[in-house]
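Produce the complete structure using the sequences and hints provided.
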Amino acid sequence: MKFGDHLRESIIPEWKDKYIDYKSSKKRIKHFRAKWENQSIYNDPVFQKKSTYSTTRDLRSNNNSQSNLNLNRQASNGNIIRSTNSSSSSLASSLRVYSPLLIEIIHEFMENWIISIQLTKCNEFYNWLLNDSRKKFKILQNQVHLFNIQKRLFNDAANSISSSYGSLMTSATSDSVTTSLIQSIKDTLHAHRLLPSYPQYSLKQLIFNNTTSDTESQPLMERETFNPEDQLLNNLNNNTSSAKSSLDKSAKLLSDAILEFYLFLQLIKSYRDLNVTGFRKIVKKFDKTFQTNELNKFMAFAKQNFTIFKHIDPNIKLMTNKMKQISSYQPIIFDELIPSNEIDDPILWWESKVKDWYVNQLTNSPKSMKKNNKKLKKLIIQYSLNEQMVHRNNRAIIQMTIAAWILGISSTSIANTIYLSFMSGYTSYTHKILFPIWGGWYMVLLISLLIISNCFIWHKSEINYRFIMFGEIKARSGTQFYNNDFATTRISLNLYFLSFFILPLSICALLSFHNENLFPYAIIYPLIATSLFIAPKAISKYILPYWNKLKEIRVWILTTFIRLSLSGLYPVEFGDFFLGDIICSLTYSMSDIAMFFCIYFSDKPSTTCGSSHSITMGILSCLPNYWRMMQCFRRWADSADWFPHLLNAIKYGLGVAYNGTLCAYRLSNHERGTTRNTFIIVAALNALITSVWDLTVDWSLLQPDSNNWLLRNDLYLAGKKDWETGQYSRARKSFYYIAMVWDVLIRFQWIVYAIAPQTIQQNAITSFILATTEIIRRCIWVIIRVENEHVANVHLFRVTGNAPLPYPVNVQTIALTKPTFQIGEEERMAENLDQQALGNLSFNVSYDENAMWPPYRTLARRRTTTFAEISKSIPWVHATDFQRPTTLLSSNESKYDDDDEDAISDSESDSDVASK
Numbered sequence: 002m003k004f005g006d007h008l009r010e011s012i013i014p015e016w017k018d019k020y021i022d023y024k025s026s027k028k029r030i031k032h033f034r035a036k037w038e039n040q041s042i043y044n045d046p047v048f049q050k051k052s053t054y055s056t057t058r059d060l061r062s063n064n065n066s067q068s069n070l071n072l073n074r075q076a077s078n079g080n081i082i083r084s085t086n087s088s089s090s091s092l093a094s095s096l097r098v099y100s101p102l103l104i105e106i107i108h109e110f111m112e113n114w115i116i117s118i119q120l121t122k123c124n125e126f127y128n129w130l131l132n133d134s135r136k137k138f139k140i141l142q143n144q145v146h147l148f149n150i151q152k153r154l155f156n157d158a159a160n161s162i163s164s165s166y167g168s169l170m171t172s173a174t175s176d177s178v179t180t181s182l183i184q185s186i187k188d189t190l191h192a193h194r195l196l197p198s199y200p201q202y203s204l205k206q207l208i209f210n211n212t213t214s215d216t217e218s219q220p221l222m223e224r225e226t227f228n229p230e231d232q233l234l235n236n237l238n239n240n241t242s243s244a245k246s247s248l249d250k251s252a253k254l255l256s257d258a259i260l261e262f263y264l265f266l267q268l269i270k271s272y273r274d275l276n277v278t279g280f281r282k283i284v285k286k287f288d289k290t291f292q293t294n295e296l297n298k299f300m301a302f303a304k305q306n307f308t309i310f311k312h313i314d315p316n317i318k319l320m321t322n323k324m325k326q327i328s329s330y331q332p333i334i335f336d337e338l339i340p341s342n343e344i345d346d347p348i349l350w351w352e353s354k355v356k357d358w359y360v361n362q363l364t365n366s367p368k369s370m371k372k373n374n375k376k377l378k379k380l381i382i383q384y385s386l387n388e389q390m391v392h393r394n395n396r397a398i399i400q401m402t403i404a405a406w407i408l409g410i411s412s413t414s415i416a417n418t419i420y421l422s423f424m425s426g427y428t429s430y431t432h433k434i435l436f437p438i439w440g441g442w443y444m445v446l447l448i449s450l451l452i453i454s455n456c457f458i459w460h461k462s463e464i465n466y467r468f469i470m471f472g473e474i475k476a477r478s479g480t481q482f483y484n485n486d487f488a489t490t491r492i493s494l495n496l497y498f499l500s501f502f503i504l505p506l507s508i509c510a511l512l513s514f515h516n517e518n519l520f521p522y523a524i525i526y527p528l529i530a531t532s533l534f535i536a537p538k539a540i541s542k543y544i545l546p547y548w549n550k551l552k553e554i555r556v557w558i559l560t561t562f563i564r565l566s567l568s569g570l571y572p573v574e575f576g577d578f579f580l581g582d583i584i585c586s587l588t589y590s591m592s593d594i595a596m597f598f599c600i601y602f603s604d605k606p607s608t609t610c611g612s613s614h615s616i617t618m619g620i621l622s623c624l625p626n627y628w629r630m631m632q633c634f635r636r637w638a639d640s641a642d643w644f645p646h647l648l649n650a651i652k653y654g655l656g657v658a659y660n661g662t663l664c665a666y667r668l669s670n671h672e673r674g675t676t677r678n679t680f681i682i683v684a685a686l687n688a689l690i691t692s693v694w695d696l697t698v699d700w701s702l703l704q705p706d707s708n709n710w711l712l713r714n715d716l717y718l719a720g721k722k723d724w725e726t727g728q729y730s731r732a733r734k735s736f737y738y739i740a741m742v743w744d745v746l747i748r749f750q751w752i753v754y755a756i757a758p759q760t761i762q763q764n765a766i767t768s769f770i771l772a773t774t775e776i777i778r779r780c781i782w783v784i785i786r787v788e789n790e791h792v793a794n795v796h797l798f799r800v801t802g803n804a805p806l807p808y809p810v811n812v813q814t815i816a817l818t819k820p821t822f823q824i825g826e827e828e829r830m831a832e833n834l835d836q837q838a839l840g841n842l843s844f845n846v847s848y849d850e851n852a853m854w855p856p857y858r859t860l861a862r863r864r865t866t867t868f869a870e871i872s873k874s875i876p877w878v879h880a881t882d883f884q885r886p887t888t889l890l891s892s893n894e895s896k897y898d899d900d901d902e903d904a905i906s907d908s909e910s911d912s913d914v915a916s917k
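Heads up, the sequence shown is in our numbering, so the first residue is 2 and it goes up one at a time.
Just so you know, these hints were derived from the structure itself, not from any lab. Every value quoted in this text rests on a predicted model; they were computed, and no experiment measured them. Don't take every hint at face value.
Listed below are the simulated EDC-like cross-link pairs for lysine to aspartate or glutamate, each with C-alpha atoms no more than 16 Å apart in a straight line [as the list claims (entries may be wrong)]: (1) K31 with D288; (2) K122 with D22; (3) K282 with D706; (4) K28 with E725; (5) K873 with D706; (6) K17 with E38; (7) K19 with D345; (8) K298 with D274; (9) K28 with E109; (10) K24 with E725; (11) K17 with E125; (12) K304 with D274; (13) K28 with D723; (14) K17 with D274; (15) K19 with D715; (16) K17 with D715; (17) K311 with D345; (18) K205 with D639; (19) K311 with E343; (20) K253 with E343; (21) K27 with E109; (22) K136 with E343; (23) K28 with D288; (24) K122 with E112; (25) K36 with E109; (26) K722 with D18; (27) K19 with D706; (28) K376 with D357; (29) K354 with E343; (30) K298 with E10; (31) K27 with D288; (32) K461 with E10; (33) K31 with D723; (34) K304 with D345; (35) K289 with E38.
Computed Cβ-Cβ distance ranges for the label pairs, DEER-style [stated by the list, open to error]: (36) Y427 with A665: 18 to 28 Å; (37) I756 with I554: 41 to 51 Å; (38) A665 with L512: 33 to 43 Å; (39) Y430 with R9: 55 to 65 Å; (40) H191 with F534: 20 to 30 Å.
Note that CB positions come from ideal geometry on N, CA and C, so glycine has one too.
Here is the structure:
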């Protein structure tokens, strides 16, 4: 595979703009070559001499000077200078003659493009990453020091208590059984994100604008100093098991933070190695095209003036040996190479220290040391083709094939039931009972299928949706998030999973329609679906292959739905509000739950069950918007920002009012009067506000200063920009305009209920069509909403999760120099979003800008009191809809052990499935 393809598949999506633009560089070479070949290269010859490139500062200060390249340009005077380039490979190359045009091409490409733009961009960002990592390293170094103190004091105190009060310790242990059980339950709930918590601020603090605690208002150096010795001895005096639990918790939190930092170092190392290789290859291609000898001079110049090349020198020997052993590029594993000091290669230096912390200082036995060492090796990023990846690709092909066959058969059966519904009479059992009930199931599975299709669109658009949707970086699969290979996305696995829910639905629905009876098929299918959802791991061996690999998605769906149902008790994460918004478009299916029970317990369901008779259906249709409203209140209580959370809560409150007034209007038998007028007013306000919110906040469109009319500057769904004009394709941008029109149009579908005749309003076909259009609108909304979140991550360079630390952090002890990394206006607006952009090692402290370099400050602590400030922040407030989940690497690592266990047997299982 060509290096360009490797680079495209290996880049970290959030850092994409900071890599070498390899494709544009190739196009520039092609452009210069066409220009060069049209003219004679032997006119006005001058011989090449040994030359050096100018630094970026020199180029900027001497922008109009022709001495930047230091090449002899005296051809017009007839002076001929012999080459003294000692790096020439032969006498012929040393006597190579350059025309003025070729010299100009070298100047334009090498200095004005490669050095001034590409290399400077990569080097500045690399320096920024180093500053970021240096700060994290110092924080973790202090944390490990505190942990060692706590560990030593615990061992000393525990031994002392055990020797002096042995009998009392036994009694205390028996008394603490109940406490340990309660703690175990809490740990289990916490591991699955189901432990309720209080908001960050009370209602009194929010109302009276008192959102700064006494501790936070004190200067950092005047706060109470954290003393692990006092805390430990206090715990030991109270309960020895509590102290042990505190030590274990500290070790777990510290392990997660160290793993995340180690992963972050791997990403930086991958970034450095890919770019260095890219520059070397593109200059080599330039030399090959124009028969020049710029590579040696460029490498010498880059190693002397740019940090990203300086740090690669200690690794050249190992890299050379590794490259001889592999046929394609992959980041090198530096197991044996440790620099003598931090200056030579800070990344490898920090990596060696982190390994020592994780393998030696956080372990108590050789077995745990071996386990931790193995875990670190799993975090090495792999892009080259290996045996496990081949098995993964084969598995994806089998899953897609099976899913395609099942979906083809199922869609035929479902289409038949819809045809029977459309052809049936308005008063028939099929139209009034069967069609609405089964149609509700169709909506759920349709939106699930469209969400999986969205995942494929994001994958093709290089949008890191998995990081956005699942939040944290997992210990087993974290590095795979940045491998854009289709088999690692699990799209095929999720489609395979969904197809086995669609197949029994199509069979049960078909039998129900042809027998014209809802029961027992409406009971059989939920039982089948529930059985499939909770199916044990053993089913993968005997019935459904690969079902054991679906544990993660099943647990995520279940826990997220529980969190949504209890909105307000949990901090709002992306999955919570994401699922809430999806269910807001499933009011058709939600109301069918009430209709189902009405039909089951009623003697005359055709006349007593339906939206015109059941108030319960209206209540259930209000529930999704109520959940989202409670989530907005929780975000307000956690962030103390009235904008946008209170306004968003009002928006969803209007959604509750809209569904409530629609229910009242239907119960009034669609009579013209106060009920109808109230419904029209509420529906109009709801449609108008939600449409504006969708376009301006959720999608960040309609930006007046955008380079794309009525859109925004970054449009990942529009493909890549033209390398010459820097503009997106008009045809690809049209998707956004169509989506805007469609969103507003469907938001006003309530007009059908307000002005259409009663026969059309009460028609099951009308409700089904409107529900389908709303599902399509929501899926389009989801595509652009996730893309917009990716835009924020790109501007914040956010690539990792959020690992909390066990001990407080004094940031004045980790002062850093502000880097020279330049950011644009959009980044300056985005920096108000989140303090997690530095890699998201979470610590609740106040930053001192004079002491360290915080590239992004949180919006939660910045008051927006004027309309101008609000309007400027509107394109970025969508990122405050949720908070980053904490990284729980240790608790989640077991989810991915199945992949390791199955790695050896994958080929056998794949062949078995294929034979079946």
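Let me make sure I understand: some of the numbered hints might not hold for this structure. Which ones are they, in numerical order? Checked against the structure, the hints that fail are numbers 3, 6, 7, 8, 20, 27 and 30, while the rest are satisfied.
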